[in-house]
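So the sequence lines, in the order shown, correspond to chains A and B. For the first sequence, the residue numbers in our numbering are 1 to 220. For the second sequence, the residue numbers in our numbering are 1 to 220.
One should not assume that every hint holds.
Copies of the same chain look alike in the list, so a pair counts if it fits in one copy or across any two.
Once the Cα atoms are required to be at most 25 Å apart in a straight line, the calculated SDA-like pairs of lysine to any residue come out as [unchecked claim]:
no., residue 1, residue 2
1, K53, D146
2, K53, D176
3, K199, D176
4, K157, P171
5, K157, Q86
Simulated from the structure, these hints should not be mistaken for lab results.
2 protein chains.
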Amino acid sequence: MSANIPVIESIMSANDQIAMGNRAKLDSAKVLGVNMMASPGAGKTSLIERTIKALQPELKLGVIDGDVASSIDADRAAAAGAAAVQINTGGACHLDAIMLQNGLAQMDLQVMDLLLVENVGNLICPSGFQLGTHYSVLIASIPEGDDKPYKYPGMYKGVDALIINKTDLLPYIDFDTDYFRQGVEILNPGLITFPVSCKTGEGLDAWFAWLQEKAAFAWG
Amino acid sequence: MSANIPVIESIMSANDQIAMGNRAKLDSAKVLGVNMMASPGAGKTSLIERTIKALQPELKLGVIDGDVASSIDADRAAAAGAAAVQINTGGACHLDAIMLQNGLAQMDLQVMDLLLVENVGNLICPSGFQLGTHYSVLIASIPEGDDKPYKYPGMYKGVDALIINKTDLLPYIDFDTDYFRQGVEILNPGLITFPVSCKTGEGLDAWFAWLQEKAAFAWG
Numbered sequence: 001m002s003a004n005i006p007v008i009e010s011i012m013s014a015n016d017q018i019a020m021g022n023r024a025k026l027d028s029a030k031v032l033g034v035n036m037m038a039s040p041g042a043g044k045t046s047l048i049e050r051t052i053k054a055l056q057p058e059l060k061l062g063v064i065d066g067d068v069a070s071s072i073d074a075d076r077a078a079a080a081g082a083a084a085v086q087i088n089t090g091g092a093c094h095l096d097a098i099m100l101q102n103g104l105a106q107m108d109l110q111v112m113d114l115l116l117v118e119n120v121g122n123l124i125c126p127s128g129f130q131l132g133t134h135y136s137v138l139i140a141s142i143p144e145g146d147d148k149p150y151k152y153p154g155m156y157k158g159v160d161a162l163i164i165n166k167t168d169l170l171p172y173i174d175f176d177t178d179y180f181r182q183g184v185e186i187l188n189p190g191l192i193t194f195p196v197s198c199k200t201g202e203g204l205d206a207w208f209a210w211l212q213e214k215a216a217f218a219w220g
Numbered sequence: 001m002s003a004n005i006p007v008i009e010s011i012m013s014a015n016d017q018i019a020m021g022n023r024a025k026l027d028s029a030k031v032l033g034v035n036m037m038a039s040p041g042a043g044k045t046s047l048i049e050r051t052i053k054a055l056q057p058e059l060k061l062g063v064i065d066g067d068v069a070s071s072i073d074a075d076r077a078a079a080a081g082a083a084a085v086q087i088n089t090g091g092a093c094h095l096d097a098i099m100l101q102n103g104l105a106q107m108d109l110q111v112m113d114l115l116l117v118e119n120v121g122n123l124i125c126p127s128g129f130q131l132g133t134h135y136s137v138l139i140a141s142i143p144e145g146d147d148k149p150y151k152y153p154g155m156y157k158g159v160d161a162l163i164i165n166k167t168d169l170l171p172y173i174d175f176d177t178d179y180f181r182q183g184v185e186i187l188n189p190g191l192i193t194f195p196v197s198c199k200t201g202e203g204l205d206a207w208f209a210w211l212q213e214k215a216a217f218a219w220g
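All chains should be built: construct the whole structure from the sequences, respecting the hints.
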């Protein structure tokens, strides 16, 4: 290779560059960003409602909701008391960093401590796109079945915490917890896991404590 | 525009052209193809198992299973007695016509009456890709929640039949059937709907009868 030819190494995708900008914006406002991903109907919105009601007013929450269509989720987050923005992806199966950038531009981050980003309901596409949030959380649910880690490994590999929702339905569903946990452990060893029921409230305190701890220690 | 310049109108995508070839192949072998789509964990595989056991040996069934990873679903279909092929999409969030073409090449269509294509678990991406099958069926499930038609309109618009699975869980879940059906009716007026439980077997006979009727009348 000639020494005179400039070589540009493109080490980041455009999405990742914008994600880095989103992260810087969150950091400078001291807002902890959490990307919440799940299959359709796993209970992302119910969990977010519960979280808003439990953590406010000690922590001020914002929610950015991604959906193909409708504003059902942002309406519910706003009704629960959070600053909420709905992003309709117009068919796209995931949020990307530009969508989050546009969402952040609509929010007053100075009065916020914790931003929950509710991604599009999908176990495949969202895992491929960095948003710039600090943590990624996957919400699984009992009725989805115990084989999901084996069938959607990319999603289970990339997250920092796992919530297993709808534990109240365990008596009515064939769900082999050992088989499920084994699949998770292969993909993401030692992953912190919170079995919860957003219906009964069981197990949610541990999730709230995890969020509070992360928010408290984020900026030293 | 000059009369001398040839204008090529690309009226079909490459995917649609291959889908047309798949359809011709199914038609010439007199195999009815059904594209089965659903959210992860809605019960596609359980429904297919039930269908194989109910319709064989009067109808000979084949199953092509699409998943990001694993062969869990094809193993289950084969164990239930169908000719089965697993397609791993390697990350892609849907099947496309080329994948089905490759799957069909692995099957003996001459000894088959009905081919069930189990798409990747996803309420967004699969609706955008024609495969060449004769019918598209969506499997919804009670635990997913009653707001799904409003949030995933593209999927609900494009199907020929709707199965509502896991009706056995209705006593334990807040699911407003009227709200759900209203959303479906707006998007897909008059859509034929089968409320079923693959666990108890309730409602499945109507679904089996629909398939049998379609298979019987497909080639006159």
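Each hint, compared with the structure:
1. In this homomeric assembly, K53 and D146 come within 25 Å of each other (Cα to Cα) only across copies, at 23 Å, whereas the closest approach inside a single copy is 30 Å.
2. Taking the shortest alpha-carbon separations for K53 and D176, only the inter-copy value of 24 Å comes in at or below 25 Å, while the best intra-copy value is 32 Å.
3. For a Cα distance limit of 25 Å, the shortest separation of K199 from D176 qualifies both inside one copy, at 21 Å, and across copies, at 16 Å.
4. In this assembly of identical chains, the alpha carbons of K157 and P171 never lie at most 25 Å apart, being 28 Å within a copy and 34 Å across copies at closest.
5. Taking CA atoms no more than 25 Å apart as the test, K157 paired with Q86 passes between copies only; the shortest distance there is 22 Å, against 27 Å inside one copy.
Checked against the numbered hints listed earlier, the structure breaks hint 4 alone; every other hint is satisfied.
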